[in-house]
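Number of protein chains: 2
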Amino acid sequence: MTVDDATLFKMAQKLRRHSIESTTEAGSGHPTSCMSCADLLAALFFDEMHWDPSDPSGKDADVFVLSKGHAAPILWAVLKEAGAIQEDLLTLRRYDSPLEGHPTRHSPWVRVATGSLGQGLCAAAGMAWARKLDGTPARVYALLGDGEMAEGSVWEAVQYASYYKLDNLCAIVDVNRLGQSGPTMLGHDTAAYARRFAAFGWEAIEVDGHDLAQIRATYARARATAGRPFAVIARTLKGKGVAALADKEGWHGKPLKKGEEAQKAIAELGDTNVTLKVERRRYPAAKPAAPVTPALQPQYEIGQELATREAYGNALAKLAATTPQVVALDADTKNSTFSERFKAVAPARYNEAFIAEQNMVGAALGIASEGKIVFAATFACFLSRAYDFLRMAAYSRPEHLILCGSHAGVSIGEDGPSQMALEDLAMMRALQGVTVLYPSDGVSAERLVETAARTKGVVYIRMSRPKTKVLYENDEAFPIGGSKTLRRSAKDAVTVVAAGVTVPEALEAHDLLAKEGIAVRVVDLYSVKPIDEATLVQAAQETRGLVTVEDHGVWGGIGEAVSAAVQGKARVTVLGIREIPRSGQPKELMEAMGISASRIVSAVKALL
Amino acid sequence: MTVDDATLFKMAQKLRRHSIESTTEAGSGHPTSCMSCADLLAALFFDEMHWDPSDPSGKDADVFVLSKGHAAPILWAVLKEAGAIQEDLLTLRRYDSPLEGHPTRHSPWVRVATGSLGQGLCAAAGMAWARKLDGTPARVYALLGDGEMAEGSVWEAVQYASYYKLDNLCAIVDVNRLGQSGPTMLGHDTAAYARRFAAFGWEAIEVDGHDLAQIRATYARARATAGRPFAVIARTLKGKGVAALADKEGWHGKPLKKGEEAQKAIAELGDTNVTLKVERRRYPAAKPAAPVTPALQPQYEIGQELATREAYGNALAKLAATTPQVVALDADTKNSTFSERFKAVAPARYNEAFIAEQNMVGAALGIASEGKIVFAATFACFLSRAYDFLRMAAYSRPEHLILCGSHAGVSIGEDGPSQMALEDLAMMRALQGVTVLYPSDGVSAERLVETAARTKGVVYIRMSRPKTKVLYENDEAFPIGGSKTLRRSAKDAVTVVAAGVTVPEALEAHDLLAKEGIAVRVVDLYSVKPIDEATLVQAAQETRGLVTVEDHGVWGGIGEAVSAAVQGKARVTVLGIREIPRSGQPKELMEAMGISASRIVSAVKALL
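As given, the protein sequences belong to chains A and B, one line each in that order. Under this note's numbering, the first residue of the first sequence is numbered 1, with each subsequent residue one higher. Under this note's numbering, the first residue of the second sequence is numbered 1, with each subsequent residue one higher.
Among the hints, erroneous ones may be present.
Copies of the same chain are indistinguishable here, so a pair counts whether it falls within one copy or spans any two.
Claimed, not checked - List time: in silico BS3-like cross-link candidates among lysine-lysine, alpha-carbon distance up to 27 Å:
#1 258 to 587
#2 484 to 587
#3 569 to 605
#4 587 to 257
#5 132 to 80
#6 469 to 264
#7 264 to 10
#8 80 to 484
Note that these hints are calculated values from the structure, not bench results.
Based on the sequences and whatever the hints tell you, model everything.
Here is the structure:
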């Protein structure tokens with residue numbers, strides 16, 4: 001492309017104009033945060049990036065992630081000017097428009113929802129890693145605000161990109177000096193940002209973010225830099241282009257008033273009469289192995305003892321061998337989660353994320369957006385570290401992103417509460433559209449891994465530390481939304497609903513009660529969300545009450561989910577963790593915290 | 001103190017011996033992670049720190065935070081050798097022992113629970129900030145592992161400490177090269193760590209972590225460094241002292257076997273026959289203003305319109321003026337949460353945390369441990385960023401730590417889902433021992449802030465963006481665990497349970513239904529946890545069903561809490577968010593997502 005700087009400048013001014021007009025029309029939004037990055041984006045979209053405005057897939061083309069999601073209006077503007085979208089920019093933030101206040105998947109040009117700051121670079125780094133894996137030279141660009149540089153997750157992404165030598169990744173930092181409520185920590189000290197990136201192993205260059213020649217030269221240099229990622233540290237003015245706004249406090253997230261205020265600002269932008277056509281440019285097609293439908297066969301014997309986390313590793317190893325689009329990540333717990341068995345089979349497709357769970361989830365989301373089926377595992381309690389990332393992942397509606405949380409609950413024993421995960425079911429259930437699975441034995445664990453790999457969207461699988469006996473035949477099916485009624489009779493007095501490590505306890509309670517002539521139904525609730533409402537309602541109608549038992553806190557977990565599901569048709573006694581646990585032996589803790597067989601027996605009797 | 005290096009070395013070997021013996025006895029734990037830092041801790045506790053083994057309060061004395069919590073055995077060992085604790089070290093990890101697998105508050109010497117990595121420096125930085133505020137020269141030391149340096153939260157703490165020039169803070173990084181499942185990203189490249197700290201504004205010095213003379217000299221230099229925090233980057237060997245373990249992979253979290261394996265290792269440590277007495281050293285007493293019981297008086301008029309978030313700011317401003325031990329933090333949202341009103345009254349006690357929510361919560365916990373009543377606010381959705389910190393905060397049982405999440409739910413409108421918080425009630429309820437409050441008007445907001453400031457432990461208050469009418473008289477009391485029945489008659493057919501922004505919707509629904517001759521009870525469930533079970537059960541018994549309505553997802557929120565509380569005594573219809581929302585106007589979204597007055601009317605009719 002041969003556009004000159006003067007023409008690009010006009011385009012940048014036009015993007016500023018759109019940003020003002022659309023936010024003024026909406027009556028809310030962040031015009032000044034758009035104006036600081038107008039030159040950076042004009043040069044990126046109309047000169048530097050190789051892309052095709054008719055194809056939002058980004059396949060064999062450079063992709064862009066707007067990490068500073070509140071600058072959405074200028075993303076919509078640049079896409080509109082490039083002919084990539086047709087929507088009226090003045091519908092910004094309207095309920096019937098895909099042009100949301102922050103980028104969402106309602107626009108096909110958005111791969112990952114942003115707006116919670118500090119996440120875009122993690123996703124972009126994941127995309128860059130996946131592109132290296134697939135052997136495509138196509139690049140990844142992420143625009144960050146300086147405010148979000150305070151998020152530790154950004155530095156997790158920075159170190160990750162450096163460790164994996166992602167020279168196909170370019171971060172552009174819009175250093176406009178002003179956050180939402182005041183100046184940022186570093187203000188316009190671009191040298192400090194550059195030093196920090198450099199110390200983390202990046203090539204980092206400071207530029208005047210309003211000098212198009214400098215910007216273009218630096219983008220070219222980024223493209224030419226091998227062996228390390230590249231950061232463009234751009235000194236900019238928030239509100240650049242309009243004197244009343246430029247570099248002024250008090251203008252964050254504030255549109256200009258309709259009428260004179262907006263008109264005067266737009267007039268000040270000068271000549272915006274420009275149209276530019278993006279040249280369609282692509283890279284040679286990447287040729288990853290053709291995807292395969294995930295399938296595996298458990299091979300256990302009834303009564304065999306193994307932990308579900310080990311079955312997770314076994315299942316992943318099988319998928320590694322048969323399913324080329326499967327990728328696995330782990331946060332330096334691969335010897336505990338058994339992710340290492342995947343690594344042993346497919347080392348290139350294993351991605352060590354080290355102890356940085358936020359970036360692990362963000363990168364996993366980015367990798368998923370490149371067409372992979374992604375598993376990411378760590379101790380369940382440490383996924384809470386990435387909760388905001390999981391929330392945004394749900395809003396990003398990936399095709400296939402599976403989180404595995406192992407070592408759930410007090411049954412981990414001696415390590416104590418910091419490692420126990422008593423709230424992971426609550427936190428994952430709370431997310432819109434997320435599937436939550438919880439196997440109780442080796443067969444269900446493998447089958448649920450297989451099912452998760454085939455399920456659209458975000459899936460959470462909860463794995464346990466202790467060994468449990470295999471309960472199911474290898475060919476048993478575990479559909480999402482189902483449950484298994486393990487014990488049942490015509491005279492069941494009470495239904496015990498268990499999952500994971502409490503299933504053996506429930507079965508033991510069943511036998512103890514049977515000796516006393518009390519029949520109980522036992523349900524393995526392996527699908528925590530969606531929940532098997534029909535079976536639970538039937539149990540509520542056919543028995544005198546339900547006892548739920550979970551190795552998890554009593555708030556937001558299985559007990560409450562069942563209470564809501566049975567719709568007042570029966571009493572529900574909730575057994576779960578109600579106090580801060582402590583170090584101890586697994587059995588000792590399960591007894592003390594009220595989720596053992598003997599506690600189930602007592603609860604059943606109390607219900608009768 | 002005049003201990004010589006040779007004696008300190010013997011003590012370090014003795015600490016290694018204790019670490020081996022206690023983990024071997026327990027049959028689990030992390031001896032090698034203790035052995036790498038034995039010299040660092042021997043020099044710190046027996047030479048450098050000014051402290052009093054008879055007084056765990058840490059008042060006017062240096063304090064220590066073990067960020068690498070899995071090294072707990074050596075913390076117990078050093079405390080035992082110093083005479084600070086009397087417990088038998090061989091009770092490590094037993095259910096009846098305070099010597100847990102990771103540090104918890106069962107030991108009075110632990111201020112903040114650790115074991116989830118990457119959190120200790122945040123808390124230590126908060127303590128250091130509070131000590132500056134109080135004008136005490138007493139210092140704060142934190143020992144970090146190199147594996148946890150991958151956590152972004154550590155870099156949040158690093159930048160925070162640098163920004164606030166916390167020269168009373170010393171970070172000691174035990175660079176033993178090996179993580180749980182393999183080498184760390186940087187291995188033994190201590191220079192890289194030093195560069196990164198330096199780029200973030202710290203004084204950072206590399207040392208041989210097994211050379212006691214070097215260690216002591218560097219500690220002295222740290223104490224003498226003014227104007228910036230100090231990092232000791234110590235090159236160490238994991239398992240140092242025993243050749244079979246030293247610098248070897250495969251020994252993370254693995255005790256030595258009883259018998260020959262352990263005995264041989266202990267023999268290799270050589271002479272450990274040493275006893276050292278810690279000289280009691282303290283600093284001149286700090287003299288912060290005497291604490292005052294928090295009290296405030298709302299001054300609103302019934303019907304007056306204001307957002308609960310604004311009332312939060314008003315309440316904080318009042319406490320700022322009257323209650324010297326109150327401190328407020330905010331993550332660059334102070335103009336939206338109205339934390340700025342606190343800052344206006346008490347700028348020295350306002351702590352800007354910038355966009356780094358993990359460190360904000362960690363620092364807030366550290367500040368709380370210095371005897372402050374701490375409020376920390378941001379958008380509720382961004383508290384999910386700090387979920388692991390909130391979890392560990394709950395386990396740290398602070399005296400007074402209050403989190404405020406504003407802009408909850410779809411009623412924020414146009415910004416879209418990334419800013420909405422639909423899972424904060426679930427995530428906060430799920431935490432052990434956390435109180436969850438949710439005011440619906442200005443009076444309840446101020447009163448609940450006052451109550452929160454008086455309540456022990458961790459309290460979460462959920463605030464809303466839109467203005468709502470004042471419903472309550474200024475003297476109304478809002479006890480924790482209570483609720484307000486706003487509409488009630490002898491012939492109530494259904495009970496509507498609302499909270500926050502849905503309370504006005506419920507009242508409107510009441511009036512609409514009254515016109516059709518249907519009487520409904522309306523409950524304002526301002527205390528979400530603990531929940532007012534008695535009132536809810538009574539409603540379940542006196543009416544034909546309950547309708548809950550919340551500006552929150554339906555999983556783990558008010559609907560499920562109420563379903564569990566009524567114990568099957570009535571049907572409960574749960575209204576809440578069930579799909580990913582989008583940008584739009586608040587009223588439009590509340591209608592579309594099913595939580596408006598008209599949707600309540602429909603739900604009531606459906607129940608009848």
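Against the structure, the hints come out as follows:
no.	hint	in the structure
1	258 to 587	between (68 Å within a copy, 23 Å between copies)
2	484 to 587	within (24 Å within a copy, 43 Å between copies)
3	569 to 605	both (19 Å within a copy, 19 Å between copies)
4	587 to 257	between (66 Å within a copy, 22 Å between copies)
5	132 to 80	neither (30 Å within a copy, 52 Å between copies)
6	469 to 264	neither (74 Å within a copy, 37 Å between copies)
7	264 to 10	within (18 Å within a copy, 77 Å between copies)
8	80 to 484	neither (52 Å within a copy, 52 Å between copies)
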